[in-house]
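Asks: Place chain B on chain A using the hints.
There are 2 protein chains.
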Amino acid sequence: MDRLRHSFSALQVDAVLVSHLPNIQYLCGFTGSAGLLLVESSRSILFTDSRYTFQAAEEVFGARVHIAKRGLIRALGELLRSRSGRQRIGLAFGNVTVAQKQALDGAAGKRVRWAGDGNAVEKLRAVKDADEIDRMRAAAKLISEVFEDVVPEIRPGVTELDLAAKIEYGIKHRGGSGPSFETIVASGPRSAWAHARPTSKALGKRELVVFDQGAILRGYCSDMTRTVYVGRAPRKVCYLYEAVLQAQQAAKRAIRPGVKAGDVDKAARQSLERLGLAKYFTHSTGHGVGIEIHEAPRIGKGEETVLQENMVVTVEPGVYLEGLGGIRIEDDVVVTPQGAVDLTTAPRDFLEL
Amino acid sequence: MDRLRHSFSALQVDAVLVSHLPNIQYLCGFTGSAGLLLVESSRSILFTDSRYTFQAAEEVFGARVHIAKRGLIRALGELLRSRSGRQRIGLAFGNVTVAQKQALDGAAGKRVRWAGDGNAVEKLRAVKDADEIDRMRAAAKLISEVFEDVVPEIRPGVTELDLAAKIEYGIKHRGGSGPSFETIVASGPRSAWAHARPTSKALGKRELVVFDQGAILRGYCSDMTRTVYVGRAPRKVCYLYEAVLQAQQAAKRAIRPGVKAGDVDKAARQSLERLGLAKYFTHSTGHGVGIEIHEAPRIGKGEETVLQENMVVTVEPGVYLEGLGGIRIEDDVVVTPQGAVDLTTAPRDFLEL
Chain A
94 MDRLRHSFSA
104 LQVDAVLVSH
114 LPNIQYLCGF
124 TGSAGLLLVE
134 SSRSILFTDS
144 RYTFQAAEEV
154 FGARVHIAKR
164 GLIRALGELL
174 RSRSGRQRIG
184 LAFGNVTVAQ
194 KQALDGAAGK
204 RVRWAGDGNA
214 VEKLRAVKDA
224 DEIDRMRAAA
234 KLISEVFEDV
244 VPEIRPGVTE
254 LDLAAKIEYG
264 IKHRGGSGPS
274 FETIVASGPR
284 SAWAHARPTS
294 KALGKRELVV
304 FDQGAILRGY
314 CSDMTRTVYV
324 GRAPRKVCYL
334 YEAVLQAQQA
344 AKRAIRPGVK
354 AGDVDKAARQ
364 SLERLGLAKY
374 FTHSTGHGVG
384 IEIHEAPRIG
394 KGEETVLQEN
404 MVVTVEPGVY
414 LEGLGGIRIE
424 DDVVVTPQGA
434 VDLTTAPRDF
444 LEL
Chain B
94 MDRLRHSFSA
104 LQVDAVLVSH
114 LPNIQYLCGF
124 TGSAGLLLVE
134 SSRSILFTDS
144 RYTFQAAEEV
154 FGARVHIAKR
164 GLIRALGELL
174 RSRSGRQRIG
184 LAFGNVTVAQ
194 KQALDGAAGK
204 RVRWAGDGNA
214 VEKLRAVKDA
224 DEIDRMRAAA
234 KLISEVFEDV
244 VPEIRPGVTE
254 LDLAAKIEYG
264 IKHRGGSGPS
274 FETIVASGPR
284 SAWAHARPTS
294 KALGKRELVV
304 FDQGAILRGY
314 CSDMTRTVYV
324 GRAPRKVCYL
334 YEAVLQAQQA
344 AKRAIRPGVK
354 AGDVDKAARQ
364 SLERLGLAKY
374 FTHSTGHGVG
384 IEIHEAPRIG
394 KGEETVLQEN
404 MVVTVEPGVY
414 LEGLGGIRIE
424 DDVVVTPQGA
434 VDLTTAPRDF
444 LEL
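Line by line, the protein sequences are chains A and B.
Residues 94 to 446 (the numbering used here) make up the first sequence, in order.
Residues 94 to 446 (the numbering used here) make up the second sequence, in order.
Think of the hints as simulated: they come from the structure by calculation, not from any bench.
Just so you know, even glycine gets a beta-carbon here, dropped at the ideal spot from N, CA and C.
Simulated coverage check for chain B against chain A, where a stretch passes if three residues somewhere in it have a Cβ under 8 Å from a Cβ of chain A:
#1 140 to 150
#2 281 to 295
Pairs of lysine-lysine residues, derived as DSSO-like cross-links and limited to a Cα-Cα distance of at most 27 Å, are as follows:
#3 A:K394 <-> B:K162
#4 B:K372 <-> A:K162
#5 B:K162 <-> A:K353
#6 A:K329 <-> A:K372
A few chain B residues facing chain A, derived, Cβ under 8 Å:
#7 F186
#8 T190
#9 D255
#10 A258
#11 Y262
#12 T375
If we strip away everything but chain A, and leave its shape as in the complex, we get (with noise of 0.2 Å):
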């Protein structure tokens, strides 16, 4: 929070008022599913409603809580009413909806100005502290223990969907607290889509299969892809893999504080291009995670963002040949002076099951 009081001056705003879930969970604690935290130079206030009464006296730190009767907007409203003078007020454009935003305006009156808030929080939050690293190599570590737990149940005749529960069985009986996205796994042709659900359809002989599992431990997000094969591999597909992976090691030989996003997406992209697959590679090569399982920096083509030390990001390059299906391989690493640390710690070796 104080951190975020040390911009008010750049972003020239009085105060900032949070509405995206995990920055409040990120700047007071609360994890409930209904807030609005204002965050002012000498304190700050958390607007939630009766059903987190309990919750949030136990949760919330580093702010004062305040449970409105009739919605938050309007309690808020009613406080800076109060207030003398005008105020300038921070606010994230991209968390609050035109509606939302027009509740705002009734609410708080004419005295209130509001400006974008530059994603201040989103920025403090894409570089870890070593609590957050902790946690996370946790997640990381959990998420791979529950992979392996799963590798010897891949079969022919097992379904999809009964992979994807066991995973998600897994995260919570290691004692995570959940899956950090529905988990994907996904076989034989529609291995190829890139966010396929899981469906009931059985595993075949000689197909792909794309596993990307996350979960979440002491509220931190890990992210994870294995690509398998069930028999014994084609040429052509071990040869794809391998093209993946070195695709993957270029990119985490790309990572360093200083440089840019944009250029680690590329030295995935180029590896593949040199074996003419870059066509095939149809997503970004990867994201930051953390409370949330996508938050900044984004790894894709073109970004400008500068990576720093102790940013958390993921790097998951991908092929997907219509038909033959698709291969992914994804880390969570941490950027450090000495280059990209992985966090996960499942093997990376083709599985021919």
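Replies: Only chain B this time, still in chain A's reference frame:
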């Protein structure tokens, strides 16, 4: 899509731009995570990105698919700017961020005027057709069966997280595509948190345990809460359970087409009020459910929305006493001329385990 087009003249628009993903799924079947659907009077176009090339080709009906290479809003803008004449396009301001609206304004140019769409798609979705009700009945039956499978595992020493994991495993094992929200298992004093996440806390003897869970099956959600007692419940707890069950029955009896949603809420609240317990009922009585876990109509204090035949809503009164814990009972019901018909099949008897 045609029902939406019929509302164009009342909305005074030439087209509607749909940005909310569940609305896109409802109208054209697409389930990817990036999409913009432009519904015009004579045709519809879905904008998505290259991750979804294959998936869109397989899923989408009633719309042409445009794979946007450099951003969905940009591709939409190019199309709109190629059109001659002025256009007035409906947009749900509650589903678009201020930043997105600014990008739309920039991309579409000055000949496009945006108008509120009066939540036209949400209103269509609130009333289900026969196929949707069949799916929701199946989703409600599935979660009922999953819960009944888990009941024998409820005993002192098992953790909240492990029970939640078993429920979520059961959902996929029985063919659901996953939980419709993060499963709640909250025991002892934590059960007084209406939206507690499960933790590694073990169930103790003589504790209330609230289970709030739902499944997604063939694209539709169920939502069900049951409260059990570990051990033989004291008379006070049995009394509270009976009070909540009576409040739920009172709310169900108030449901029929033509009744205001607020009057259903009032029926539950008055039933508790007669026992002096209304002050412990700290949330709304229910909400619509369908493609999303929370959709129109809201069943809360003073809600003016009139219930219509074939709406599907939850009925979920509860009482929460700090220190003692919480009790909530929730079913999904469909509104029929004969009153509320339960979709949820799990018994509502108080289980002392």
